[in-house]
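Residue numbers (my numbering), protein chains in the order written: chain A, 75 to 285; chain B, 75 to 285; chain C, 75 to 285.
Hints were generated in silico from the structure; no laboratory data involved. Values in this document were obtained by computation on a predicted structure and should not be read as measured data. Be aware that one or more of the hints could be misleading.
Put simply, identical chains are the same to the list, so a pair is met inside one copy or across any two.
Below, computed lysine-lysine pairings styled on DSS-like, alpha-carbon distance capped at 25 Å [stated by the list, open to error]:
| id | residue 1 | residue 2 |
| --- | --- | --- |
| 1 | 120 | 257 |
| 2 | 283 | 255 |
| 3 | 123 | 255 |
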Amino acid sequence: MAFRLTPHERGFYPLFTRAAENIVRAADDLAALVAADPPDRPELAKRVKDAENAGDELTHEILVKLNSTFVTPFDREDIYRLTSSLDDVLDAIEEAADRIVLYRLGALPGGVARQVEVLRRAAAATAEAMPHLASMSQLREYWVHVNALEDEGDAVYRALIAELLSPPDDVPPAGLLTILKTKEVVEVLEEAADAFETVANTVESIVVKES
Amino acid sequence: MAFRLTPHERGFYPLFTRAAENIVRAADDLAALVAADPPDRPELAKRVKDAENAGDELTHEILVKLNSTFVTPFDREDIYRLTSSLDDVLDAIEEAADRIVLYRLGALPGGVARQVEVLRRAAAATAEAMPHLASMSQLREYWVHVNALEDEGDAVYRALIAELLSPPDDVPPAGLLTILKTKEVVEVLEEAADAFETVANTVESIVVKES
Amino acid sequence: MAFRLTPHERGFYPLFTRAAENIVRAADDLAALVAADPPDRPELAKRVKDAENAGDELTHEILVKLNSTFVTPFDREDIYRLTSSLDDVLDAIEEAADRIVLYRLGALPGGVARQVEVLRRAAAATAEAMPHLASMSQLREYWVHVNALEDEGDAVYRALIAELLSPPDDVPPAGLLTILKTKEVVEVLEEAADAFETVANTVESIVVKES
């Protein structure tokens with residue numbers, strides 16, 4: 075019978091999986107919000123905010139466990155970084171939902187829905203990968219996939235920015251303000267895509283260390 | 075007689091207290107600057123800048139002590155995080171003062187003074203809490219208080235942004251520019267409130283670890 | 075014969091030097107881009123992007139080495155911070171190049187070329203300093219120099235922002251948009267200068283620890 079001299083605390087893996095599944099829900103709600111009529115958006119933004127609060131509680135739970143666990147499955151600093159990068163993803167998704175409502179934006183350019191679609195796919199890939207942390211298997215496909223999604227998101231983002239920032243010469247100041255508000259939403263969605271890549275890079279560095 | 079086998083280096087606590095008291099002074103000067111006539115502001119911004127320089131020296135002193143101390147009162151990484159989050163508060167306060175002067179803003183919307191008032195109360199709570207790090211007592215009230223202040227600051231911030239970004243349809247481009255400059259100041263004040271919350275969360279995680 | 079009980083892995087120093095030399099090349103290409111006619115800029119932005127990719131590979135190489143090395147020449151966390159701050163410099167330089175092209179900016183204000191000139195000098199100073207990490211000598215001059223350059227960059231930055239944000243009252247909305255795009259480039263160049271200072275401060279804290 076195989077056994078380990080330093081039995082690892084395995085309770086971290088389900089928490090990472092729950093954190094990622096929580097992000098899946100937030101990304102779904104954000105997609106619904108982007109497609110919704112403006113009067114229906116505040117309710118959906120509240121759901122994204124609830125997901126962010128649930129994420130904060132998971133972060134707290136992971137950090138408490140980290141502080142009370144003597145032998146962790148991988149470096150404490152890596153657990154800290156993974157937790158904090160998952161938190162960054164959720165913060166960016168929540169900020170995007172919040173800005174769309176706070177800025178009272180109307181219909182959004184089509185590229186915004188495409189950005190959110192990329193986020194949903196990155197969220198699904200992340201939630202699928204987290205349970206594999208226990209066995210350190212099948213994670214290479216995950217980070218290659220997330221890096222490809224980040225490239226795709228980047229192309230959508232760049233096309234959107236180029237389109238937004240080339241208004242007709244006679245755009246009125248109020249139209250310019252709408253452009254600037256929309257640009258902020260587009261930027262924060264791009265930050266969310268980058269944050270998914272940081273999660274994947276953190277997982278990669280954990281796997282490299284263990285191999 | 076009680077004694078400790080690993081006598082803790084207690085010189086860190088007074089440094090954290092001094093860092094927080096320095097933030098109190100910077101927040102007071104920022105409040106004066108916001109209330110002042112534009113010609114009187116550069117002098118007050120200089121005082122805030124002086125406080126930021128004093129804060130940088132304290133940060134340096136803490137890090138030098140950290141590097142020369144074998145047994146620290148709590149995790150080195152926690153000392154690093156607490157120092158760096160106190161530094162972030164001061165940086166945001168200084169940036170707000172600086173932007174108001176650099177952007178040559180005139181009278182500011184009333185909400186800005188309310189944001190700064192929240193910062194002053196968070197600064198006072200932080201300065202009062204730091205000496206309790208030595209005994210790890212009475213810190214729960216502090217972080218509950220700072221979290222409540224952050225919620226209050228957030229409400230002020232959101233109302234301000236909604237007001238700023240709904241100008242009349244015939245706003246001239248120069249008026250739009252003033253709106254955008256003011257929005258930047260409002261954002262950085264919100265960052266300062268968030269940074270106070272990060273300080274409180276860092277203290278919370280230190281207490282959780284020690285308990 | 076002198077020998078060390080814990081032979082340090084010295085392979086880190088050449089990697090830091092290569093990372094800094096890569097930044098020198100990126101800063102040179104950015105200077106060429108700023109001076110170039112707009113149609114010639116995308117080719118130069120691609121070169122800066124290539125440098126950023128090369129930098130990412132160096133970062134990866136350093137982190138892999140860090141994870142496979144038992145005894146490092148200085149604290150693992152310091153190696154991590156130095157690597158990550160060099161990466162931040164390159165990211166900011168790449169972002170500036172990218173924005174100038176993505177935003178289809180025309181001729182840039184003279185201050186932008188002055189900002190980039192400061193970056194080139196900071197890059198040269200950094201590349202010259204990295205090989206001295208092995209002996210921990212002559213590093214004080216380096217960080218004093220980089221801090222002076224950061225002050226110089228800050229003065230250029232502030233004059234530029236004051237100039238940009240004081241357009242004539244009858245500026246049209248399209249002119250305002252150009253101002254805001256240019257301001258973003260100017261801000262990210264200032265971030266690059268700050269990031270060089272963070273590299274220097276990290277080196278300083280390593281030297282303080284070792285002395």
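Hints numbered earlier in the text: which of these fail when held up against the supplied structure?
Number 2 only.
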